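**Q** First to last, the sequence lines map onto chains A and B.
To convert, note that position 59 of the first sequence is 59 in the numbering used here; the numbers rise steadily by one, no gaps.
Convert by adding 117 to the 1-based position in the second sequence; the result is the number in the numbering used here.
It is worth saying that the hints were derived from the structure and are not from the lab.
Computed from a predicted model, the values in this text were never measured in an experiment.
Backbone N, C-alpha and C define an ideal beta-carbon position, used for all residues, glycine too.
Any given hint might turn out to be false.
As the list claims (entries may be wrong) - Negatives, chain A to chain B, calculated, CB over 12 Å:
no., residue
1, G25
2, Q35
3, T53
4, P60
Claimed, not checked - Heads up, simulated PhoX-like pairs for lysine-lysine below, C-alpha to C-alpha not over 20 Å straight-line:
no., chain 1, residue 1, chain 2, residue 2
5, B, K188, B, K221
6, A, K76, B, K324
7, B, K188, B, K218
8, B, K321, A, K56
Claimed, not checked - Computed Cβ-Cβ distance ranges for the label pairs, DEER-style:
no., chain 1, residue 1, chain 2, residue 2, range
9, A, E7, B, S206, 45 to 53 Å
10, A, T26, B, R199, 51 to 59 Å
11, A, A42, B, S206, 54 to 62 Å
12, A, A111, B, V298, 31 to 39 Å
13, A, Q2, B, L291, 43 to 51 Å
14, B, R287, A, G27, 29 to 37 Å
15, B, A314, A, E87, 22 to 30 Å
16, B, Q293, A, G115, 20 to 28 Å
17, A, Q35, B, S206, 27 to 35 Å
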Amino acid sequence: MQAAELERLIEQFPDCSLVAYADIGTGITLVSAGQSDIPREALDELCAEAALTLGKSGVPSMGATPCPVAIKALEKTVFVYVRATDEPDDALLCMCQPDIDLEGFLTAARATIDGSK
Amino acid sequence: MSTGQSLSDRIAALAEETPDFEGRARVLAPADLETLLDTIDSTVLPCALTFDTGTAQLTLEVAGRRLHAVKSVGGDLTASDRLIDQPLSMDDEILRAATAKLLKTFLDDATTLTVSISPAAADVLDDAESLSVATLREDLDLGANDSALPVFERFQSRTETYMTAAIHLRDGNLVQTSGSVAHTVSLKIALTTQLAAFRDARNKVSKSHSEPSLTIFADAIESGISLCLATIGSEMLISACTTPDISAINKVFRRIV
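Okay, chain A solo, but in the shape it has when bound:
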């Protein structure tokens, strides 16, 4: 995964301010795009929350099956986590505005993470 691929996703969806590609199994963010000044601690928190919500190593945190997508909506922010189809511990972690076109964004994010393999 290249930063340019993440930047293309942000260009396509201006309501998305940050995209990171991470290994949620180890909790390591590999590459990110968007907010260049985001502190390392914030990325670590994002990665930990994604691991918790998506579930690591094929173990669901909630429900019976590991989810391919998880969304956490707050009043002013929507976090979108998209798991890679072929690498269950690889995921895109996205921070978006509440008004984002969620359906369109999920389709594009899926293409970004699976298309990069």
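The hints should help you fit chain B onto chain A, whose structure is shown.
**A** Positioned in the frame of chain A, the structure of chain B alone reads:
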């Protein structure tokens, strides 16, 4: 969910009902928008529903509790060609507004309303590009009378039609369960075996755990069925919904909080 029947129960009931209903008409009373929307909301099999007020006719293609297209209008009713037979999408605000206006106009002077049903040719049951009844109610402003309700109750009432099962908790205590038995069982398993650990872990990693939040775990119950966890103050709603509805549920949450 509002009828207390599971989706499969409703499909089975409608499958039995359809042959008797075909070619016949039912009188719906009262002839109002709620009645019309309730009819759409109880239609699971792909059907063309023709509503007739005596002076105007409206035929809608309906499936899976959603409105897929306006097929035709007749009598005193007129509509733009751009609306007729066009696939309706929740995200197409122009078509949504035109549809809402048409439904309202259709019933302006109605005293009686009959509905007849015929099988739809199109296989639209799995088509996600359609309008849910909850969205139509929003567009018709039928949800506006709940503005005095607390935030959680508004969220609950406006998402009810998206959910196949739900469990409501207040201060951690069970308030109500409703909906599909199978999905309620899945929710109870998640509630008793996973929720406490999930919340504890989240409280450790996240600074935002006290804010109103909606967390959606796509396809977590089974393929096509997602798990939603809404927390607003001391209220919590853990629910199951079909995966295409997660965007709509998120939109409701965004409007409410």
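**Q** Confirm or reject each hint.
**A** Hints versus structure:
1. G25: The assertion about A/G25 holds, with a minimum of 15 Å to chain B.
2. Q35: Non-interface label stands for A/Q35: nearest chain B Cβ at 17 Å, farther than 12 Å.
3. T53: 6 Å, violated
4. P60: 6 Å, violated
5. B/K188 with B/K221: 17 Å, holds
6. A/K76 with B/K324: 14 Å, holds
7. B/K188 with B/K218: 16 Å, holds
8. B/K321 with A/K56: 17 Å, holds
9. A/E7 with B/S206: 45 to 53 Å: About 29 Å separates the Cβ atoms of A/E7 and B/S206, which means 45 to 53 Å is violated.
10. A/T26 with B/R199: 51 to 59 Å: 53 Å, holds
11. A/A42 with B/S206: 54 to 62 Å: 36 Å, violated
12. A/A111 with B/V298: 31 to 39 Å: 37 Å, holds
13. A/Q2 with B/L291: 43 to 51 Å: Check passed, 49 Å falls within 43 to 51 Å.
14. B/R287 with A/G27: 29 to 37 Å: Given about 34 Å between the Cβ atoms, the range holds.
15. B/A314 with A/E87: 22 to 30 Å: 25 Å, holds
16. B/Q293 with A/G115: 20 to 28 Å: 44 Å, violated
17. A/Q35 with B/S206: 27 to 35 Å: Since A/Q35 and B/S206 have Cβ atoms about 32 Å apart, the given range 27 to 35 Å holds.
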